[in-house]
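Full structure from sequences and hints, please.
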Amino acid sequence: MLPRLRSHLTLVAVALVLGLAGGVASADPRPPRPPRPPKALDGAVAEKQVETLAKSVRWHESLEDALRDARAKSRLVLWVHALGDLAGDT
Amino acid sequence: MSLSHDPVLPLLRTKLVCGFRDIAGETYAGRSGLHASANPAARTTNGAGPHNLQVFLLAPDGTVLHCLPGYWDPQDLAFEIAFAEQLWGVWRDSSLTRAQKDERFRALHVAHVDAHPQEMVDRSPMQSFDKKYETKKRPETSDCILREGSRQPRLRPRGKRQQDEFKTTDQIAHERMAARPFVPYAKFDTARFVDYGRPLYDKRKLDGCGDHKH
Numbered sequence: 001m002l003p004r005l006r007s008h009l010t011l012v013a014v015a016l017v018l019g020l021a022g023g024v025a026s027a028d029p030r031p032p033r034p035p036r037p038p039k040a041l042d043g044a045v046a047e048k049q050v051e052t053l054a055k056s057v058r059w060h061e062s063l064e065d066a067l068r069d070a071r072a073k074s075r076l077v078l079w080v081h082a083l084g085d086l087a088g089d090t
Numbered sequence: 001m002s003l004s005h006d007p008v009l010p011l012l013r014t015k016l017v018c019g020f021r022d023i024a025g026e027t028y029a030g031r032s033g034l035h036a037s038a039n040p041a042a043r044t045t046n047g048a049g050p051h052n053l054q055v056f057l058l059a060p061d062g063t064v065l066h067c068l069p070g071y072w073d074p075q076d077l078a079f080e081i082a083f084a085e086q087l088w089g090v091w092r093d094s095s096l097t098r099a100q101k102d103e104r105f106r107a108l109h110v111a112h113v114d115a116h117p118q119e120m121v122d123r124s125p126m127q128s129f130d131k132k133y134e135t136k137k138r139p140e141t142s143d144c145i146l147r148e149g150s151r152q153p154r155l156r157p158r159g160k161r162q163q164d165e166f167k168t169t170d171q172i173a174h175e176r177m178a179a180r181p182f183v184p185y186a187k188f189d190t191a192r193f194v195d196y197g198r199p200l201y202d203k204r205k206l207d208g209c210g211d212h213k214h
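In order, the protein sequence lines correspond to chains A and B. Counting from 1, position 80 in the first sequence corresponds to residue 80 in our numbering; the numbering is continuous, with no gaps. Counting from 1, position 207 in the second sequence corresponds to residue 207 in our numbering; the numbering is continuous, with no gaps.
Hints listed in this document are in silico derivations from the structure and should not be mistaken for laboratory results. Take these hints with a grain of salt, some might be off.
As the list claims (entries may be wrong) - List time: in silico DSS-like cross-link candidates among lysine-lysine, alpha-carbon distance up to 30 Å:
{"id": "1", "chain 1": "A", "residue 1": "Lys55", "chain 2": "B", "residue 2": "Lys15"}
{"id": "2", "chain 1": "B", "residue 1": "Lys101", "chain 2": "A", "residue 2": "Lys73"}
{"id": "3", "chain 1": "A", "residue 1": "Lys73", "chain 2": "B", "residue 2": "Lys187"}
As the list claims (entries may be wrong) - With the C-beta cut set under 10 Å, the calculated list includes, among others, these residues of chain B facing chain A:
{"id": "4", "residue": "Ser2"}
{"id": "5", "residue": "Leu9"}
{"id": "6", "residue": "Val17"}
{"id": "7", "residue": "Arg21"}
{"id": "8", "residue": "Asp22"}
{"id": "9", "residue": "Ile23"}
{"id": "10", "residue": "Glu26"}
{"id": "11", "residue": "Leu65"}
{"id": "12", "residue": "Ile81"}
{"id": "13", "residue": "Trp88"}
Stated by the list, open to error - Quick list of simulated restraints, FRET-style, between CB atoms:
{"id": "14", "chain 1": "A", "residue 1": "Lys55", "chain 2": "B", "residue 2": "Lys160", "range": "24 to 34 Å"}
{"id": "15", "chain 1": "A", "residue 1": "Ala72", "chain 2": "B", "residue 2": "Ala82", "range": "41 to 51 Å"}
{"id": "16", "chain 1": "B", "residue 1": "Glu148", "chain 2": "A", "residue 2": "Asp65", "range": "47 to 57 Å"}
Quick caveat, the model's predicted, so the values are computed rather than measured. Don't be surprised by glycine CBs; every beta carbon is placed ideally from N, CA and C.
Dropping the structure here:
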């Protein structure tokens with residue numbers, strides 16, 4: 001697996017893992033306001049989720065390889081561009 | 001986006017082939033300061049940070065079906081992945097001419113804006129600093145601004161602070177894609193596609209981390 005990928009996946013994997021749960025029940029007849037998710041995901045949780053993503057999905061680093069794999073499996077390619085330090089930070 | 005979260009993670013495991021490219025050094029890549037993997041991750045809106053992060057959905061021959069700039073909520077990302085599958089069907093349809101395929105591509109992308117549920121639109125306002133940037137740098141030409149006479153989306157964000165003239169990022173992404181029917185990845189003009197808002201994405205304001213000055 002790509003250890004350095006984890007740094008990038010922090011950026012891609014966690015920002016909205018916070019989800020949008022937590023709608024507020026109300027008797028107000030007006031249309032409900034969009035739910036307010038927490039402002040930040042705990043760093044330890046974020047790191048764990050990045051680790052899960054890195055381990056549970058095969059990430060090609062070569063587009064050619066990804067496309068070849070996609071042709072063999074008849075699947076689309078999800079190709080991520082991310083900015084970051086390959087040593088572990090993004 | 002949240003690739004590690006349902007409903008996206010199962011798609012990555014079973015329905016897609018995944019790949020990754022470090023865009024550091026690219027002319028269009030943003031500058032947002034360091035973010036360690038164990039730092040808190042801040043909540044943000046769809047399409048925030050377009051210069052830092054892009055997700056392409058490619059046909060197996062390398063044709064760009066869709067591109068999502070910046071962060072995307074997992075539900076919305078899954079919705080757009082399903083849409084890309086639809087476009088793939090068009091691309092593979094041997095009964096259509098290339099011109100017909102392109103026209104269908106454009107029409108489907110534009111129409112998909114109106115298929116977005118209210119919650120997705122609510123998750124897709126531009127960041128305030130991106131709006132300011134567009135207003136300051138290209139007030140007359142920015143395609144991020146809803147102008148009189150242009151196509152109006154079915155839904156607008158409900159937030160009090162979003163009652164302005166700016167399009168939501170889901171609309172921006174689809175409109176820009178509509179102008180790029182079935183382009184090979186190698187020829188896709190990523191720099192122009194992600195060019196909205198500030199190149200510097202202020203993560204410090206989002207999660208309180210980082211010590212860069214700007």
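Given hint isoleucine 23(B) near chain A, where the shortest CB pair must fall under 10 Å:
Because about 5 Å separates isoleucine 23(B) from the closest Cβ in chain A, which is inside the 10 Å limit, the hint holds.
Has the hinted range 24 to 34 Å been met by the Cβ atoms of lysine 55(A) and lysine 160(B)?
At 42 Å between Cβs, range violated.
When you check the alpha-carbon spacing of lysine 101(B) and lysine 73(A), does it fall within 30 Å?
holds (24 Å)
Quick check on leucine 65(B) please, does its C-beta sit within 10 Å of some C-beta on chain A?
holds (7 Å)
For the pair supplied as a hint, lysine 55(A) and lysine 15(B), confirm whether the alpha-carbon distance does not exceed 30 Å.
holds (17 Å)
If you take the shortest Cβ to Cβ gap from arginine 21(B) to chain A, is it below 10 Å?
Check passed: Cβ of arginine 21(B) comes within 5 Å of chain A, closer than 10 Å.
Minimum beta-carbon distance criterion (10 Å), aspartate 22(B) to chain A
Hint on aspartate 22(B): holds, closest Cβ of chain A at ~6 Å, below 10 Å.
So, as I understand it, the hint says valine 17(B) touches chain A; can you test that by seeing if any CB pair is closer than 10 Å?
Hint holds; valine 17(B) Cβ to chain A Cβ min 4 Å, cut 10 Å.
Lysine 73(A) and lysine 187(B) were given as a pair; does the straight-line alpha-carbon distance stay at or below 30 Å?
holds (25 Å)
Would you settle whether the hint for tryptophan 88(B) is holds or violated, based on the nearest Cβ-Cβ distance to chain A being less than 10 Å?
Holds, about 6 Å.
Within 47 to 57 Å or not, the Cβ separation of glutamate 148(B) and aspartate 65(A)?
For aspartate 65(A) against glutamate 148(B), whose Cβ atoms are near 48 Å apart, the range 47 to 57 Å holds.
Just to be careful: measuring from the Cβ of isoleucine 81(B) to every Cβ in chain A, is the smallest value less than 10 Å?
Cβ of isoleucine 81(B) sits 7 Å from chain A, so the hint holds.
Of the numbered hints given earlier, the model fails hints 14, 15; all others are met.
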